[in-house]
Amino acid sequence: MENNELIPHLFRTEYSKMVAVLCKAFGIQHISIAEDVVSDTFLLAVEMWGQKGLPKNPVAWLYTVAKNKSRDILRRQNIFDKKVKPALPKEEADNNELHIDLSEKNITDSQLQMIFAICHPSISPEAQIGLALNILCGFGAEEIADAFLSNKETIYKRLARAKDKLKENNVALELPSQTEIDNRLDVVLRTMYLLFNEGYYSASQNVTLRKDLCLEAMRLTYSLIENESTNTPSVNALMSIMCFHASRFEARMDSNGEIILYEDQDAELWSTELIQKGKYYLEQSSHCDKNKVSKYHIEAAIAFYHTNQADTLDKWESILQLYNRLLQIEYSPIAALNRTYALSKANGKEEAIIEAEKLRLDDNHWYHLLLANLYKNIDNNKTAAHLKKALQLSKTDAERNFIEKKLKEINLINA
Amino acid sequence: MKEFLLIFRRDFVNKEEQPSPEQIQKMMKPWQDWMGSLAAQNKLASSGNRLASDGRVVKSDKIVTDGPYVEIKEAVGGYIVVKANDLDEAAELAKGCPVLNIGGNVEVRGLVGMD
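Chains as they are written, first to last, in UniProt numbering: chain B, 1 to 415; chain S, 1 to 115.
Here chain B stands alone, though its shape is the one from the complex (with noise of 0.2 Å):
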């Protein structure tokens, strides 16, 4: 990799890690200093291994910089004298030093525990999804507020006071008890959705990143199944549902970015290795009693008939009845579109148009390509006018030529 991917890639990965190490040995409550070091640690990664060539071990240097940079700082500040040294163990506090575990279980251990502090119950669900892309994953404000469909400032806004509550609340760097863990495992795993989503249907062209986060996300959710306390079959389910939805990344775009839908992707891309682990975790989620199935399993059971293109009756139906069970659970627009796709392939078209003419969303780009697949060799013309309108909505360059390509073929079998 590249000096110019690398640090982009180091962030990313070793960011959220570095921040939760350093909160622990110092305290969440200076999470802020936490921050500012590890942010320095980079710029001057930047700096350094643009003059002087690489370091040996990348990684090691990132946390050995960050580890003396956190002492300097304390140390200036006289806030180990005075507050982190009689927080600690007397031998520890004897030593006059402080230490910074940089053990693999200490890292893994440290960012659990994070995880589940930002999901304490005095933040509100918006600023813990904030807070979790910020201190979890590196994001900037702005690339969240991008994610939120809001502006910068305000998302800066609620870092911020999100991070005050933090401290307000003397939030503990350490996992809860097993009942609270259940109460705040729900958010956990919310959060763990969106990132991986984020990634997964991202407005960014840049598909390292965007795998980046779809890793990031799985490695997060392996963290929780990895621990006894939190491996929940909620958990697996989750696990199981990105497993299924990655397995077909290489097969969902072309090499020009293009996307290519579902149904026209090349089966023989999909990798099989990230299917058979999606099949073990979606197995793993279902030692559950019958009213404890979430959301999660029924979306994972979905992305499991989707591993066979085959295009039965009968997966389609078991498809939509997932569905019909999925909304009742949990309203969303996606959803509600995906829906009526299967609705579509079970029931027939013209059952289809009526069911997709009642949801009216209008100001969504996918409602409109759902339409214009309905209407297609049914009336042509209203395909055509809903792939205008999609175009219209659309976000992204790869979205416009794909919308683009359609509106050309419709436009020759019109004409």
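No lab work stands behind these hints, which were simulated from the structure alone. In this text the structure is predicted, and so the values were computed from the model without any measurement. For every residue, glycine included, the Cβ atom is placed at its ideal position computed from N, Cα and C. Check each hint, because a few of them may be wrong.
Facing chain S, according to a computed beta carbon distance under 7 Å, are these residues of chain B, among others [what the hints assert, rightly or not]:
| no. | residue |
| --- | --- |
| 1 | Lys-157 |
| 2 | Gln-321 |
| 3 | Asn-324 |
| 4 | Leu-327 |
| 5 | Tyr-331 |
| 6 | Ser-332 |
| 7 | Glu-355 |
| 8 | Lys-358 |
Each computed EDC-like pair below joins lysine to aspartate or glutamate, with the alpha-carbon atoms no more than 20 Å apart [stated by the list, open to error]:
| no. | chain 1 | residue 1 | chain 2 | residue 2 |
| --- | --- | --- | --- | --- |
| 9 | S | Lys-83 | B | Glu-357 |
| 10 | B | Lys-376 | B | Asp-212 |
| 11 | B | Lys-315 | S | Glu-3 |
| 12 | S | Lys-95 | S | Glu-3 |
| 13 | B | Lys-382 | B | Glu-350 |
| 14 | S | Lys-2 | B | Glu-330 |
| 15 | S | Lys-29 | B | Glu-351 |
Position chain S against the provided structure of chain B, taking the given hints into account.
The following block gives chain S in isolation, referenced to the frame of chain B:
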């Protein structure tokens, strides 16, 4: 958006005439598709419940009787709660209910809350 209770009534089905599991499976599809349709429009507030065929009625003199529907043509079979702007829209939503295809009817009532 307000909430409305949809109450499904149909001829009472006694225990002996209960459908087989396979028949139930087949009967469930129109219901699941209809509820899925309401949910896809974000108009379903609660999936409600189906009611068992046997029950008791407790009268004001605290006498308990079986029933009530042994003699009643239109027994309550289940309910859901939908979201709609007004009674007319809620009634419009009720028109898709599969109970109408088996000679039943749907009662639509606004929820007013306790306070």
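Going through the hints against the structure:
| no. | hint | result |
| --- | --- | --- |
| 1 | Lys-157 | violated (30 Å) |
| 2 | Gln-321 | holds (6 Å) |
| 3 | Asn-324 | holds (3 Å) |
| 4 | Leu-327 | holds (4 Å) |
| 5 | Tyr-331 | holds (5 Å) |
| 6 | Ser-332 | violated (9 Å) |
| 7 | Glu-355 | holds (6 Å) |
| 8 | Lys-358 | holds (5 Å) |
| 9 | S:Lys-83 <-> B:Glu-357 | holds (18 Å) |
| 10 | B:Lys-376 <-> B:Asp-212 | violated (37 Å) |
| 11 | B:Lys-315 <-> S:Glu-3 | violated (35 Å) |
| 12 | S:Lys-95 <-> S:Glu-3 | holds (17 Å) |
| 13 | B:Lys-382 <-> B:Glu-350 | holds (14 Å) |
| 14 | S:Lys-2 <-> B:Glu-330 | holds (18 Å) |
| 15 | S:Lys-29 <-> B:Glu-351 | holds (14 Å) |
The structure does not agree with the numbered hints 1, 6, 10, 11 stated previously, though it agrees with the rest.
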